[in-house]
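Visitor: Guided by the hints, dock chains B and C onto chain A, whose structure is given.
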Amino acid sequence: MNNHSAQPAALAVDVTGVSRVFTVRKGADVTALDNVSLTVAPGEFVSLIGPSGCGKSTLLRLIADLDTPTAGEIKVFGKAARQARIDQDYGIAFQQAGLLPWRTVAGNIELPLELHGTSKPVRRARAADLIALVGLSDFADKYPDQLSGGMQQRVAIARSLAESPSLLLMDEPFGALDEMTRERMQNELVRICAETRAAVVFVTHSIPEAVFLSDRVVVMSPRPGRIRDVLSVSLGDQAQRGENLREDESFFQGVRAVRELLHGAAPAGARGVETR
Amino acid sequence: MRPGSISAAGLARTALAPVLLGVAAVLLWQWAVVAFEIKSFILPGPFLIGGEFAANLQNVVNGMTVTGRNALIGLLVGAVLGILAAIVAALLRIVDEMGAPIVASIAVVPIVALAPVLYTMFGAGAETARQIVAGLAVFVPVYFNTLKGLRQVRPVHRDLMRSYAVTSWQATKSVTLPTALPFVFTGLRIASSLAVISALIAEYFGGPVGGLGKSITSSASGSNYGLAWAYVLGSVLLGLLFYAAALGLEKLVSRRTNG
Amino acid sequence: MTQARRGQVQGRRILTGALGVAVLAALWELYKLVGPAEGIVVGGITILPRTSDLAMPHVWVMVARAFEPVTGASNAIPLWQAVLEGSLFTLGIAAVGWLAGVTVGLLLALLMQRFRLAESAVLPWVVLSQTVPLIALAPLVRRWGSQIRFGEFTWESWMSVALIASYLAFFPVAVGALRGLASPDANHVDLMRCYAAGWWKTLWRLRLPASIGYLLPALRLAAASAVIGTVVAEVSIGLRGGIGRLIVEYAGAAGGDPGKPWAPIFGSIAVGLVAAGFVALIGLFLRRFRRGEVAA
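Residue numbers (my numbering), protein chains in the order written: chain A, 1 to 276; chain B, 1001 to 1259; chain C, 2001 to 2296.
Read the hints as simulated data drawn from the structure, not as lab findings.
Glycine is no exception: its CB is placed at the ideal position from the N, C-alpha and C atoms.
There may be inaccurate statements among the hints.
Unchecked claim - Chain C regions said to be covered by chain B (calculated; three or more residues, Cβ under 8 Å): (1) 2019-2032; (2) 2053-2061; (3) 2116-2124; (4) 2222-2228; (5) 2242-2248; (6) 2265-2274.
Pulled out of the complex, with its shape left as it was, chain A reads as follows (with noise of 0.2 Å):
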């Protein structure tokens, strides 16, 4: 789909056989993820969904060594996850914004930068670059809590953005939001996305979502946690899609698929299982 020749040739993702396994209070264990394989192409967005406790959150917390498998490896751009993580190779957005309080939208974004030792101007041109590509430029000196939750989300994700990452994870960032503030956001990651050339790992619940901004769909089924199915859909280069595409056929199509191959042997009529 976005093969670009001067990407790396290592997979951005690569996770093999990977188990997570919790142990709890008196020696009973869950297990997270059982044994699941995945590899996320440079440029690619790959959605992860199914219902809660199939194990898309930790799967996204180990590709960030946020978190470590019990078995398998996770390999990033070649490298372990961990030394991933420490090279900054990915940015992270989470279902909630997760904005320190104390610091406006603008030093908000700069945080990443700050921490790592970028000199004070170009944070500032970086910040203001990205705080414009979010549609908040009137906002910047403004403190996370004078924004509303749409807003916040669009700060978090510039903040993801900061560093240039060719990797971002986003672990349901728009599950808090109202549905109109959400499909605008789909909108902006998707034309985002398009700019940044970034891969992309997304968790989310939602259905119409990942179809909308997916390359890929991997849909995962709950205890133990596993890759049910990988569905591909093909709406066409992420630079075309926009409002329209919620209209068309193609995109009721993959609705249709992913909710079958999520409902498994259960009629295609069946919905409403969305709960949290």
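Guide: Using the frame of chain A, we list chains B and C on its own:
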């Protein structure tokens, strides 16, 4: 400390570590006293203090009884008044606002400084002044914490009670009080050791003899330093006793209310 | 809330607050008027005070006394001036004790935050330390004064007072700072880990700023404790020059001069309020760190 981590290793860390640290500190103290030949009028060793404590057990216990009684009366009166005042302040905003500067003053003021005038007001021969000092010291944390607790009721719970159309007393009983209870106990826990300290210090400002405070000063001025420290140990134990009692009561009630 | 509206609320607060003080004074006078001279005694215990002019002077006597000279001597300064000097002296020692206590408290909190073993070993002792009336040691600490001497340095009595003040002050800071340092959301901690930021960077950029909201009430408590500790230690160590000494000294004069002992008590209230006001001022400078984030 952290729930859910009570394994063998966790227990060893939460219980053993502080005990080991305490034993090490006592041994180090004793060693320092012997090694540097520290005179007992500066700092007697812990073993000497322990010996004096055992030898004068009856006197120390008598002192603990006198001071402990004052502290207990102060604690009870101060706690009841503090809780009542907080309830009134929570119900009537005007009382809250009028009381604000007075309570703020009581909070920052060395309450024991009132002891001398209280002795003249209530008579220097009586223990009343000390009980009042302890009571005032207790009042502050109990009042503040109870008031905070009474204001913790979450809007969703209040709306729920309103939708059930219950009386305000029913709402108070089923939502407000249970929400406030943990805060009341936090206040009581802080107040418990304050009561002891205040009752003891009030003795430095005058009044009848017999309590721990007077005993500490009189044995110190009589150059009987080991005994003075034994009384200090007695006051430590008294403080711990009050604290443990408050903590135990808190655990008991919270277990009952949780089911 | 607009600026004008906020000012209105402030004005109302001050007015009702003043009214509260006036009501308290009126209650005092009312009880003095109707209460029995020997107080109310139940079963041999005086539960309400005696109402004689000696035991309960009129409010105006207390105020008027402050503007008269300290003693009958012709060169005596006005009482309020003596109390003011004593208050400043006490405030100075309390400030030293507060600084020392805050420093120790912060260091302990950092140590406990950094090493979990340190937390489980030290925290119970920190909590227990406050059930231990070290202030009871004051008469014993006095002895150290004449004994400790390193070369040029001599241990002065006021240092013993400051030491006791700092012992009372460190506790709220240690506990409050520890809670504050542990307060950042798991989210924020994860984020710092994603940035591969080490403990020091995380401390400086995340934990310390996040702890401000917990630290300020702790600092205020510490200030009140430092003042209390200073006044009491002045009395029990017998240090001259401070408000604590005046309280005891003037209490002795209460027999013939009932208004006099109240002056240093009001002085100590003023010291406590000034100390609390100072912390409030610090809070004003750190306003930025007390913003709450609206959950997205």
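Visitor: Run every hint past the structure and note whether it holds.
Guide: Right, here's what the structure says about each hint:
no. : hint      : result
1   : 2019-2032 : holds (count 5)
2   : 2053-2061 : holds (count 3)
3   : 2116-2124 : holds (count 8)
4   : 2222-2228 : holds (count 4)
5   : 2242-2248 : holds (count 4)
6   : 2265-2274 : holds (count 5)
Comparing the model with each earlier hint shows no violations; every hint is respected.
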